[in-house]
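Asker: If you want the building blocks of each chain, they are given just below.
2 protein chains.
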Amino acid sequence: MNAQHPSDPHWLNERELAAWKAFSAVMIKLPAALDAQLQREAGLNQFEYLVLAGLSESPGRRLRMSTLAVLANGSLSRLSHVVKRLEARGYLRREPCSDDGRYTNAVLTDDGWTKIVATAPGHVTAVRSLVVDALEPEQFDQLLEISLRVLHAMDPDVGCPGSG
Amino acid sequence: MNAQHPSDPHWLNERELAAWKAFSAVMIKLPAALDAQLQREAGLNQFEYLVLAGLSESPGRRLRMSTLAVLANGSLSRLSHVVKRLEARGYLRREPCSDDGRYTNAVLTDDGWTKIVATAPGHVTAVRSLVVDALEPEQFDQLLEISLRVLHAMDPDVGCPGSG
Chain C
1 MNAQHPSDPH WLNERELAAW KAFSAVMIKL PAALDAQLQR EAGLNQFEYL
51 VLAGLSESPG RRLRMSTLAV LANGSLSRLS HVVKRLEARG YLRREPCSDD
101 GRYTNAVLTD DGWTKIVATA PGHVTAVRSL VVDALEPEQF DQLLEISLRV
151 LHAMDPDVGC PGSG
Chain B
1 MNAQHPSDPH WLNERELAAW KAFSAVMIKL PAALDAQLQR EAGLNQFEYL
51 VLAGLSESPG RRLRMSTLAV LANGSLSRLS HVVKRLEARG YLRREPCSDD
101 GRYTNAVLTD DGWTKIVATA PGHVTAVRSL VVDALEPEQF DQLLEISLRV
151 LHAMDPDVGC PGSG
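Chains C and B, in that order, give the protein sequences.
With my numbering applied, the first sequence covers 1 to 164.
With my numbering applied, the second sequence covers 1 to 164.
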């Protein structure tokens, strides 16, 4: 215990603040840079890309909406909105889940498959040049562990890092 | 050189992909969580918070607009938009730079100072609970180095990491 007034917040120390400021800058600038690349080359934002990529990697190129929302890191309401837009563009369609008609699946269309196949190489190249090639191999493990800890702090249902 | 077809992208390996997927999730979810806290408690988004906080830490509580844009990690056009909104709410005002009237300064008002003093403790508490307290001390140094490398990859004008 220290002598801090109980209503004082526990301010960040110099080391914490330096990391937080640099990380904040990454969180603001990197999604903007990746979105710009995707918009320029494919007319998609990053969330839309994650939705199409997630479907393309799934058996039958289909996923239950609630699963797709988790995979694309968004809420179900945000996903519904985006899925409607992607459906209007012909990249996917919605249909009742054959196992349980109360649920809805999103299914990638052939046009959606063509779109993601055309878009992925450019996006991976951007991710590689802005992130992957900038890091040393051991920094991937550090970044994974740090990311899992933050995800766990935001949502304890996300598996505890270091326990797997 | 490997035997990859020249038009094949250099896909991510398993280790790179695991780190990238977890980090992508953080980049999507953490700003949303912090924005939600700021909106709920202060009616500000994170960019607006960074603008007010940046001014509050500057001599005379004032900064040239171009400096403030760098500090808040935004473009000058985005900053101009946000500064107009904050000015309408009475938290800052714009005035010509006294050294060179071609430039504009943003100046924190007394209301803006009161606002940031009231807002900072809750925001720091959120940053601490979602990020700082989730990490081990050595992970701050890892996160700083990783962040600086990514920032440098996006903008080589940002000092080369590890060189300072």
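In short, the hints are calculated from the structure, not lab data.
A couple of the hints might just be wrong.
As the list claims (entries may be wrong) - Among the chain B residues that face chain C by a calculated CB cut under 8 angstroms, a handful are:
id	residue
1	Ser56
2	Pro59
3	Leu76
4	Ser77
5	Val107
6	Gln139
7	Ser147
Claimed, not checked - In silico EDC-like links for lysine to aspartate or glutamate, alpha-carbon gap of 20 angstroms or less:
id	chain 1	residue 1	chain 2	residue 2
8	B	Lys21	C	Glu16
9	C	Lys29	C	Glu41
10	C	Lys29	B	Asp35
For every residue, glycine included, the Cβ atom is placed at its ideal position computed from N, Cα and C.
Asker: Determine for every hint whether it applies to the structure shown.
Answerer: Against the structure, the hints:
no.	hint	verdict
1	Ser56	violated, 14 angstroms
2	Pro59	violated, 19 angstroms
3	Leu76	violated, 14 angstroms
4	Ser77	violated, 13 angstroms
5	Val107	violated, 23 angstroms
6	Gln139	holds, 5 angstroms
7	Ser147	holds, 4 angstroms
8	B:Lys21 <-> C:Glu16	violated, 24 angstroms
9	C:Lys29 <-> C:Glu41	holds, 18 angstroms
10	C:Lys29 <-> B:Asp35	holds, 16 angstroms
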